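**Student:** In order, the protein sequences belong to chains A and B.
Sequence positions in the first sequence follow our numbering and run 240 to 792.
Sequence positions in the second sequence follow our numbering and run 31 to 215.
The hints are simulated quantities; they were obtained by calculation from the structure and are not laboratory data.
One or more of the hints may lead you astray.
[What the hints assert, rightly or not] Below 27 angstroms or equal to it, Euclidean Cα-Cα: the simulated DSS-like pairs (lysine-lysine) are:
| no. | chain 1 | residue 1 | chain 2 | residue 2 |
| --- | --- | --- | --- | --- |
| 1 | A | Lys508 | B | Lys62 |
| 2 | A | Lys454 | A | Lys485 |
| 3 | B | Lys126 | A | Lys336 |
| 4 | B | Lys62 | A | Lys404 |
| 5 | A | Lys342 | B | Lys168 |
| 6 | B | Lys126 | B | Lys35 |
| 7 | A | Lys485 | B | Lys108 |
| 8 | A | Lys508 | B | Lys126 |
| 9 | A | Lys569 | A | Lys508 |
| 10 | B | Lys168 | A | Lys276 |
[As the list claims (entries may be wrong)] Computed from the model, here is a short list of chain A residues facing chain B with C-beta under 10 angstroms:
| no. | residue |
| --- | --- |
| 11 | Asp247 |
| 12 | Pro396 |
| 13 | Ala682 |
| 14 | Asn699 |
Keep in mind the model is a prediction, meaning the values are calculated, not measured.
The beta carbon of each residue, even a glycine, is placed where N, CA and C say it ideally should be.
Single-letter residue listing:
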Amino acid sequence: MYRYDEFDHDLVRERVAEFSDQVARRLSGELTEDQFKPLRLMNGVYLQLHAYMLRIAVPYGTLSSRQMRKLAHIARTYDRDYGHFTTRQNLQFHWAKLEEVPKILAELAEVEMHCIQTSGNCIRNISADHFAGASADEVIDPRPYAEILRQWSSLHPEFSLLPRKFKLALIGAPNDRAAIQVHDIGLEVKRNEAGELGFAVWVGGGQGRTPMIAKKVRDFLPEADLIAYMEAILRIYNQQGRRDNKFKARIKILVHEMGEAEMKAAIEKEFAAIDETNMVLPRDAVERIERYFAPPPFDTRFNGAPAFERARETDRDFASFVERNVHPHKMRGYAIATVSLKPIGGTPGDMTSAQMDAVAEIAEQYSFDEVRVSHEQNLVLPHVKLEDLPAVYAHLRGAQLATANYGLVTDIIACPGLDYCSLANARSIPIAQRLSERFADPARQRDIGDLKIKISGCINACGHHHVGHIGILGVDRKGEEFYQITLGGSGDETCSIGEIVGKGFSSAGVIDAVETIVDTYLRVRQSADENFLAAYRRVGEAPFQEALYAHAA
Amino acid sequence: MPIFKGHGFTPDHWALAPDDAPLSGGRAVVSKVRFLAERDALTARNAPLGLILRSGESLDGLEDDLDRFQLIVLEIPKYTDGRAYSTARLLRERYKYTGELRASGDVLRDQIMFLHRVGFDSFEVTHEGTIAALRDGKIKLVRNHYQAAAREGEESAPGRRPWLRVSPRGVPGDALDMGIDGGGI
């Protein structure tokens, strides 16, 4: 993974000094909360319902064991012994004390981490495929480009005061695990027919109150032009994006109002006018970044995995774990393992400090010191030897992290919601917990198969409900929490926005409604091989509406 | 209002001319609307000319006349409005504007470095805290940068990543001389 050199260390230390000074001025009363707000937001500090929240950037979701241990230490020392992994592959501490934030930032800087641009109207933490560098279907590892873009976008003098926040995501595989089509900019690293490296570029996707699927503006952007092209898009957005209404300020609205063709023409015109002398991305510079992401020293002498095979035959729980949470690796004899942060009845994405330490230990011993955070609020051990999987499973089990539910109905994404967030209209976490309990039976979950439920506590859609196969949106109806259900959304390469199925449900009724939807799916599916999304796309919403609302009419 | 430029605050020698008032003989700052309407008369005057662009006004239509201005003022009505940052870079990098470039309005102290890097070299700041910080040389800032901007030639390019830049210390007119101190620990 990427390692800081002196330059990077100095930059982060200077930034910590700058923000520590700002915090001191706030604490002394020199700055009012109003004056302090834009400063703290540039450094990932939010004021929530009960306390300050600190959001730590995990660039493209990659952590070393040392970093994970530091996060555990921070959770133990400065918070209430847990942290919360988010849908932007970041980590949030919900109970930080403002006077301790500079100390936390200094501790983070020791392990090459920071909170820069995890909030505010700037380019946010760059996200990427959480299986990058490991997955069997990968064409090009997107992480070197994610790192280059992380650097380019950090404290960018021109693009730090945009009309609204700006999110970039990268993939390098045909299967989109990073939801690039619902990002402000989505990039797919690829090769053209001549074998040269470049990118397909999508612009103007997003969720929030106006969900939109991004438009492809370039099928192939040569690698060398990456930074200049990003500057062209950002400059058009910075100058022409709406600033009169924050709900219409994202680039998706600009793309929509300009139209796809005009937007494309504007980007190409600006790109052509940029002097690339100091902007071009040379191959040898990319290569130097690529070296940080070189494959770990895999054991290439694969002669079968007898312990793995034996455990799979004799231990049904392990077999279930392998079936759901283990994914094909590009290297023979290795696998990718998902560590579910969705125990039955738990809070999606929450993790105790002891669990963080446990995962750090496992990663150090069995996964070349690497952990990934997925935008689905799980962790990933990217490089586990097949033969080591039984031992990894045993350790995960010991840390209560072995829930075998990846991609199943209980692998729910949920934003913090009204339990923490001052923007929320309704609670998300209790809905996730009750759904998880309702569908707790492992056999039933396996029978239902792949099903992504995503829950947001308000229209800002941090829980990605628009792209949930079943999406749940919390709204406030005359002071009461109410939940709207959407069906058929998907954030993958077949990206679609879910459709509202009908009128909403009370907090008590929404769990039954989801169960009705799931039962309806089981009834209409052609076979167990037709998953929820496929069945929904075939039959449409009618059978679901019928089941949900028929007797009410 | 005093202007922060170079080493400290200096009186403003420029006067903003209202669109409907006749110009006196001296230096004057005019709006884009007026310049485009009275272009020939204004450029025939034998006195320094400045231009003010309101937030959201582009450089369209001015491209061939930019070297006529000794001063260009870009208004920043609110610290969250980042449009002037793009305009400044275009002026410096694309149109090679070499005159004074002034940021006028609501600027927070933490934005001074960004403004400097996109090409501004004078500041007409309304924010009390920023004025005090500039006056007392109390601005802490990040000196290392991850991208080229409008200070090519002044900033050094260290190391083997071609996009890295470092602001100089002690070079006349650089951030240090503007009363901005480094934030080193």
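**Student:** All hints, please: hold or fail.
**Tutor:** To see whether the hints hold, each was checked on the structure:
1. A:Lys508 <-> B:Lys62: With a Cα-Cα distance of about 24 angstroms, the restraint between Lys508 of chain A and Lys62 of chain B holds, given a limit of 27 angstroms.
2. A:Lys454 <-> A:Lys485: holds, 22 angstroms
3. B:Lys126 <-> A:Lys336: violated, 48 angstroms
4. B:Lys62 <-> A:Lys404: Between Lys62 of chain B and Lys404 of chain A the Cα gap is close to 30 angstroms, so the pair fails against 27 angstroms, i.e. violated.
5. A:Lys342 <-> B:Lys168: holds, 22 angstroms
6. B:Lys126 <-> B:Lys35: holds, 20 angstroms
7. A:Lys485 <-> B:Lys108: The given pair, whose Cα atoms are some 14 angstroms apart, holds under the 27 angstroms limit.
8. A:Lys508 <-> B:Lys126: holds, 19 angstroms
9. A:Lys569 <-> A:Lys508: violated, 40 angstroms
10. B:Lys168 <-> A:Lys276: Holds, because 20 angstroms separates the two Cα atoms, which is no more than 27 angstroms.
11. Asp247: holds, 8 angstroms
12. Pro396: holds, 4 angstroms
13. Ala682: This hint is violated: Ala682 of chain A lies away from chain B, its Cβ roughly 52 angstroms from the closest one there, beyond 10 angstroms.
14. Asn699: Interface hint status for Asn699 of chain A: violated (18 angstroms vs cutoff 10 angstroms).
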